[in-house]
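*Asks:* Residue numbers (the working numbering), protein chains in the order written: chain C, 1 to 221; chain Y, 1 to 221.
Keep in mind that the hints were calculated from the coordinates and are not lab data. No experiment lies behind these values; they were computed from the predicted model shown. Treat each hint with caution, since some may be false.
Where chains are identical, the list cannot tell them apart; a pair therefore holds if satisfied intra-copy or between any two copies.
[What the hints assert, rightly or not] Straight-line alpha carbon distances no greater than 20 Å define the calculated EDC-like cross-link-like pairs of lysine to aspartate or glutamate that follow:
1) K172 x D151
2) K172 x D75
3) K71 x E94
4) K172 x D49
5) K172 x E76
6) K71 x E190
7) K21 x D75
8) K71 x D18
9) K172 x D73
Number of protein chains: 2
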Amino acid sequence: MTRLNLLVGGPQSQYPSDWKKLPGAWVGVDRGTLHLLEAGITPLFAVGDFDSLTTPEHQLVVNQVAEIHAKADMDETDTDMAVRLAFVEHQATEICLVGATGGRIDHFLSNLFMPTQPRFATYTNHITMIDAENFIQFYQPGHYQLTALPDYRYLGIVPLTAVTHLEIQGAKYPLHDWSSAMPFSWASNEFIPGQPTQVSWTTGVVAVIQSRDLRGQQLDN
Amino acid sequence: MTRLNLLVGGPQSQYPSDWKKLPGAWVGVDRGTLHLLEAGITPLFAVGDFDSLTTPEHQLVVNQVAEIHAKADMDETDTDMAVRLAFVEHQATEICLVGATGGRIDHFLSNLFMPTQPRFATYTNHITMIDAENFIQFYQPGHYQLTALPDYRYLGIVPLTAVTHLEIQGAKYPLHDWSSAMPFSWASNEFIPGQPTQVSWTTGVVAVIQSRDLRGQQLDN
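Extracted from the complex, chain C is given alone in its bound form:
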């Protein structure tokens, strides 16, 4: 298995605290490349035009990163391009995005909807997105058995597209044969301790979001 982690240009305040310990090599996307180098991690490759970097920052990236790709197609984002290169050119079998949430919502939604693009359908089930509070997986139609991550309390089942015959079984709030032309977030569900949750549907792309309150958090979420 070749797992690659992509560090995207979202706000560092949203990174998971243990992001540097994630298994696998790293890929830098735009400003994420600089944050990798600052953390002492040399990315396998980087994508971006780096036009938001200062001249010394840009020089650091050029000196340290052996493989740099500048975007040729305006309709493909830097993140899209990095995902494509990771799977197609670098034979990744799993990718994990960090720095893909928070900040500008148009950017976040571009990342969130990326796994629904038909050209990535083969890869949808192998894409994960992690931030400080959320662990997101993406799935094409099928039957799945979900198990709780340690320390993640909540389970969101989120059709990002039209969906048919969605079932949730074995969780706190079951759902039977639900279809919708519109996206919808079935938020705040929970695993039953020691028991897997079964989900299935026949068409559409669904995000499975495990989330938690931040350590010591007593207030908003």
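With chain C fixed as given, assemble chain Y onto it according to the hints.
*Replies:* Relative to the frame of chain C, chain Y by itself:
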């Protein structure tokens, strides 16, 4: 015009800095009710079971707020219920959500997708969502002329659902007759100074996101 602002339970770090100056009366949703009272604002009504509040906090809410609604239907979120009551019972003509972004992504997506619910179709074009960096409007199919907000640099055109015949004209990056079964975020577009942008489409719900870098921000977005 009766404009109501809803303060939802998302993280206070994401509130726009000038949120207390927004025109119109306020509605508290769950913990947002407490934040309103702490800011010296008495909400017109509040929605929630307030089970995350301490006993003194709960007592404060009960003492101060004349109209409190506890949720009866598990399939309707507190925010959904507050939106319904604002439009249907309190004859709001515009509503603005604050505290609807950040934190748990299942909650955020529940808020973001709310205006796509068919039962809210009459109200979609009258819902706005604001946070520190983003100003989001929601629209049913039609022809719209968009104008730049002061200090917002970026324009995201985001089909949240399947969309047909989307056109963007008069912006930095035009788009011609684009249709998709999947959601997609056309991120990082920009207004041309002094010129409105025209957008149109024939089916689907689209979010228009104006965003900005935070004041003094030189780094991530």
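*Asks:* Each hint: holds or not?
*Replies:* Outcome of the hint check:
Proximity of K172 to D151 under the C-alpha cut-off of 20 Å is restricted to the intra-copy arrangement: shortest distance 17 Å within a copy versus 45 Å between copies. In this homomeric assembly, K172 and D75 come within 20 Å of each other (Cα to Cα) only across copies, at 13 Å, whereas the closest approach inside a single copy is 41 Å. For the homomeric pair K71 and E94, neither the shortest alpha-carbon distance inside one copy (22 Å) nor that between copies (41 Å) is at most 20 Å. For a Cα distance limit of 20 Å, the shortest separation of K172 from D49 across copies, 18 Å, qualifies, whereas the shortest one inside one copy, 47 Å, does not.
For the homomeric pair K172 and E76, the shortest alpha-carbon distance between copies (16 Å) is at most 20 Å, but the shortest distance inside one copy (40 Å) is not. Taking CA atoms no more than 20 Å apart as the test, K71 paired with E190 passes between copies only; the shortest distance there is 19 Å, against 41 Å inside one copy. With identical chains, the CA atoms of K21 and D75 are never at most 20 Å apart, being 33 Å at best within one copy and 38 Å at best between copies. Taking the shortest alpha-carbon separations for K71 and D18, neither the intra-copy value of 30 Å nor the inter-copy value of 38 Å comes in at or below 20 Å.
When the C-alpha separation of K172 and D73 is checked against a cutoff of 20 Å, the pair qualifies only between copies, where the shortest distance is 16 Å, while the shortest distance within a copy is 45 Å.
The structure fails to meet hints 3, 7 and 8 from the earlier list, while all remaining hints are met.
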